[in-house]
Amino acid sequence: MTEHEVTEQARAVLVRRLKVDPSTITPETNIEDLGVDSLDLVTLAGEFEEVFSIAIPTKEIMKIRTFGDIVGQLSSKVGAAA
Amino acid sequence: MGAGGMRESVVITGMGVVSPLGTGVDTFWESLVAGSTGLRAITAFDVSGRRVQIGAPPAGFDPDARLSPRDSQRLSLSSQMAVVAAEEALGQARLLDDDERRGAGVILGASMTSVAASEPYHKKYYETSKVSAVGIPKCMNNAAASALSIRFGLHGQLFTLDAACASSTHAIGIAFLLIQSGIQSIVVTGGSDATLNPVLLEGWSALRVLSECNDDPEHACKPFSRDRDGFVLGEGAGVLVLESESSARARGVPILARVLGYGFSSDAHHLTAPSEDGQVEAMERALVSAGLSPEAIDHINAHGTGTPLNDRIETSAVKKLFGTRAGSIPVVSIKGAVGHLLGAAGAVEAIASALTTMHDRVPPTRNYREQDPECDLDYVPGVARSMTVRTVLSNSFAFGGSNACLVVGKAA
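Protein chains in written order, with our numbering: chain A, 745 to 826; chain B, 47 to 458.
Some hints here could point you the wrong way.
If we take Cβ atoms under 10 Å as the criterion, some of the chain A residues that face chain B in the derived model are [stated by the list, open to error]: (1) LEU778; (2) GLY779; (3) VAL780; (4) SER782; (5) LEU785; (6) THR787; (7) GLY790; (8) PRO801; (9) LYS803; (10) VAL822; (11) GLY823.
What the hints contain is simulated information worked out from the structure, not anything from laboratory work. Ideal placement from N, C-alpha and C gives every residue a C-beta, glycine not left out.
Bound-form chain A, shown alone (with noise of 0.2 Å):
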């Protein structure tokens, strides 16, 4: 998987559970910017672990702060995955 289709497939999740227009979405982004609070987070890394099969430990959850961290690190997750 490229690092473009994990940021596609990220955003994916995010419009659909935050209904926010997918446009609105860059890698600077601030997830709280997009309404995102503590239980939204910790629901949305539940999906990605879903979507992307993979584990993301909670201490990396507590760190994501943009959409750009979101995709680091599922991308490094699906690479070291692959």
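Given chain A, put chain B in place with the hints provided.
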């Protein structure tokens, strides 16, 4: 109201515990002050490959020795633990052979126990389209309270309240108010919860609030310690006999401790995130209810779940209310030893608070290792401390934003 419209004083005349540290108040207390652990690797079901593999099931609990085969079938684990704890409490209050118990109420707290108990019935239904007739009466949240009423012949108030992790603290608080106002003279109160099952473990795990220290279960939950990473799901029951002082004196039974005040608040903020303001408000109201100033509190039995967020906010709330004195008040979380008993947590912690006043000994916060710059109070690390304890503030702060605090005081 009592005679002359005066408020009744509310006393504790009986206590009973089923906990991960053992069954029976004496065993529980000895284990707690000794710094023993109730946290262990889960063996009741397969946890291999799971993010969280630790739990705190009840210890020394043998329901078959105490219950008839029919009761064992009809009562969920939560109800069975409540019966055993209540039998101990009523025995200590000398109510098992006293007709005075007829008018007593039963007010318990419970949280997810109904969901946990009903899971096998859901599973069987999806496999066979059948549900046993015992499923509903066994799994209803009021089943434990009903079991106490039926078994011991208690004809007063009978209900169960749910405020998540603050359930049994509110139950004791409501019992306190009913006795204080003269509506009931005796209430059997506390709580019971049994939620260690595969689905609920996964649900809590998904919320990322459980400790993931699977390679070291005994040290998994580390309240207020810098390296804390969450709580351990536990099961247990705590039952107290609350009574008006006049009733206890008329019956000639020893007064163990007192409930001096009950405070509450709603954060009106978030489903899972705590609020410092809400916690301060609940603690303040408990002090007002007890007619005490912050200076009069000797010890705090904290909610102290061991999650990074809870312990930081609770510390901050304590500092806000107690000011410069906060650092000299021993603040203890027993969840490092017993785990988080959810709907039973507040009851078992209220019992621990009463025992602290009875023995003038503060139990340690088990597994506290390292100071967090944001958690800088006296958490009584390592070993129990001997000191005069006249008053304890016992905190419960729940998901959903329901906060409840009790002030427990020395008998005399």
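Hints, one by one, checked against the model:
With 10 Å as the threshold, the beta carbon of LEU778 (chain A) stays out of range of chain B, its nearest partner Cβ sitting at about 17 Å, so the hint is violated. Evaluation of the GLY779 (chain A) hint against chain B yields a violated restraint, the C-beta minimum of about 13 Å exceeding 10 Å. At its closest, the beta carbon of VAL780 (chain A) sits 13 Å from a beta carbon of chain B; the interface hint therefore is violated under the 10 Å criterion. Proximity of SER782 (chain A) to chain B holds as hinted, the smallest CB-CB distance being about 6 Å (cut-off 10 Å).
Against a cut-off of 10 Å between C-beta atoms, the interface hint on LEU785 (chain A) holds, since the closest Cβ of chain B lies about 9 Å away. Look at THR787 (chain A): its Cβ gets to within about 8 Å of chain B, closer than 10 Å, so that hint holds up. Given the 10 Å rule on beta carbons, the hint for GLY790 (chain A) holds: about 5 Å separates it from the nearest Cβ of chain B. For PRO801 (chain A), the suggested interface contact is upheld, since its CB lies about 8 Å from the closest CB of chain B, less than 10 Å.
With a cut of 10 Å, the hint placing LYS803 (chain A) at the interface with chain B holds, because the nearest CB-to-CB distance is about 8 Å. Because the beta carbon of VAL822 (chain A) sits about 19 Å from the nearest beta carbon in chain B, more than 10 Å, this interface hint is broken. Taken as an interface hint, GLY823 (chain A) does not check out: its beta carbon lies about 22 Å from the nearest beta carbon of chain B, beyond 10 Å.
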